[in-house]
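Protein chains in written order, with the working numbering: chain D, 1 to 292; chain Z, 1 to 220.
Hint data in this document are derived by calculation from the structure and do not stem from the laboratory.
Where hints are given, some of them may not hold.
Pairwise CB distance ranges, derived in the manner of DEER restraints [said to hold, decoys possible]: (1) D:H176 <-> Z:A75: 39 to 47 Å; (2) Z:E213 <-> D:T230: 39 to 47 Å; (3) D:P214 <-> Z:K215: 27 to 35 Å; (4) D:D213 <-> Z:R45: 54 to 62 Å; (5) Z:P115 <-> D:N277: 36 to 44 Å.
Negatives, chain D to chain Z, calculated, CB over 10 Å [what the hints assert, rightly or not]: (6) R42; (7) M96; (8) S134; (9) Y136; (10) D137; (11) L175; (12) A181; (13) L218; (14) Q225; (15) H238; (16) A244; (17) R261; (18) T272; (19) T276; (20) F291.
Taking lysine to aspartate or glutamate pairs in the EDC-like style, the calculated list, with each CA pair at most 20 Å apart, reads [unchecked claim]: (21) Z:K103 <-> Z:D180; (22) D:K228 <-> Z:D50; (23) Z:K126 <-> Z:E153; (24) D:K228 <-> Z:E7; (25) Z:K156 <-> Z:D130; (26) Z:K103 <-> Z:D50.
Cβ atoms here follow ideal geometry from the backbone N, Cα and C, with glycine treated the same way.
Here is how the chains run, residue by residue.
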Amino acid sequence: MFTNLESSMTEEKQITPPTLHLDIAPKAETTQLSDKNKIEIREFSFFYGKFKALGNISMQIPANQITAIIGPSGCGKSTLLRSINRMNDLVPNIRMDGQIILNGENVIGSGVDVVDVRRRVGMVFQRPNPFPKSIYDNVAYGPRLYGISHRYGLDEMVYNALRQAALWDEVKDKLHQSAMALSGGQQQRLCIARALAVEPEVILMDEPASALDPVATLKIEELMQTLKETYTIIIVTHNMQQAARVSDFTAFMMIDNPKTRTGVMVEYGPTTQIFTNPKNKQTEDYVTGRFG
Amino acid sequence: MARETFERQLQMLLDQVLVLGSMVEHVVLESLDALERRDLVAARRIYEADLQVNEKRYAIESGCITLIATQQPMARDLRFLAAILEIITELERIGDYGKGICKIIMLLSDEAIDPVQIYELQEMAKLGLDMLRRALDAFVTCDATTAREIPMEDSKVDQLYNQVYRKLVEQMTADNTTVDRANHIMWAAHNLERMADRVTNICERIVYVATGEMKELDTT
């Protein structure tokens with residue numbers, strides 16, 4: 001329980017005080033990216049101190065698709081996900097090599113405006129983590145941080161975000177009641193609405209349904225299908241069946257060997273291929289339940 | 001918000017099964033039309049177009065396997081997908097019967113055929129295809145009652161087949177120069193009789209989807 005509370009508190013730290021210098025941030029290396037790809041990860045390695053948690057990960061993440069990252073515990077799925085919007089910066093003593101290119105910009109390069117990266121790449125966590133505020137204020141939190149204070153502008157943003165998160169009809173009559181009174185599934189959709197309110201381009205989801213019941217899980221999964229028309233979604237999940245159900249592309253990761261325990265990319269391809277005809281034996285063993 | 005995406009995918013598969021049903025219906029109808037007109041060009045075209053039927057069947061099969069692998073279908077959804085895998089095999093075989101008739105047309109070349117026999121073959125096809133259309137409608141509505149009734153009409157097709165068979169045997173007995181031709185016509189009739197049997201198999205799958213019962217249906 002303490003661990004959950006601690007992780008929940010850590011997750012809430014994602015909202016960084018506003019700096020609002022979106023246009024004056026120095027640009028890092030820019031690279032041409034195919035129109036169809038939103039993100040390109042190139043030879044990306046990640047170190048916690050001396051421990052190499054990820055080794056030479058390369059993958060292209062297509063725009064307006066759902067990409068799932070699966071693999072056994074400890075293979076670095078969440079580390080990879082959290083690198084995309086620099087959430088790992090909150091962890092002391094880390095180091096990154098390689099490139100993560102979002103719209104031509106290497107987001108892990110020096111001089112990158114991390115606050116802007118986190119606005120463009122929103123995140124939804126394992127456990128719903130609404131702020132102890134009203135439903136309205138939860139969704140309006142991000143836009144307010146970015147300087148939007150006009151009532152009608154905020155109202156519209158809150159309305160749009162709640163609509164997109166398929167929550168509006170359930171909460172429209174109680175917008176000023178506490179978000180803590182919502183069910184777990186509603187709280188998670190509220191967190192999605194909160195992420196959408198700042199108009200991101202990419203949404204990262206770290207086990208978004210693992211704390212929810214099957215009906216609430218289904219709602220999140222259906223919501224993802226709607227959201228991908230507007231956003232690029234990357235989901236990390238322990239639930240292989242969920243990855244199969246919701247994603248268009250699947251990446252399978254595992255550790256290279258038990259001594260070094262470095263996470264590597266084993267196979268990445270269309271979800272249909274990964275779950276019906278994987279090219280790699282380790283992938284086949286994992287998806288058929290013979291390993292992991 | 002139920003499983004809208006999955007339901008849409010199931011509906012798309014069902015639509016494709018109906019398209020396949022329509023394709024094989026055309027193959028059978030056109031093959032008999034070509035037989036009546038002794039149109040070798042049309043017979044060759046229909047024969048070669050069977051590839052499209054096969055491709056459609058494989059596409060549907062692949063779609064089913066993908067949904068089974070990725071969507072973890074249960075209960076009725078699982079029975080529905082399992083039924084589609086069987087039904088498309090039966091439909092493809094019906095298409096093969098039409099293709100077989102085209103091959104017979106090419107073998108018969110310009111040998112004379114009694115118009116009454118052609119009429120009887122057309123009647124057999126009409127009965128079988130009517131059964132097929134209603135079976136596919138019953139699949140769409142998951143109507144077990146209709147699916148149980150349709151196979152009882154198989155006896156009408158069998159009666160026509162026996163009628164054609166007896167006449168052809170009489171012809172062959174009376175004039176042994178007709179053996180080759182009569183044998184080919186008999187083979188065409190056999191294909192049409194088997195087509196109705198395939199419809200019975202389809203109906204068994206519809207009952208399975210609707211009720212979970214997996215057993216042979218009464219055709220008498």
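Report task. Please name the hints from earlier in the document that this structure breaks, with their numbers sorted from lowest to highest. Result -> The structure breaks hints 5, 13, 14, 16, 18, 19 and 22; every other hint is satisfied.
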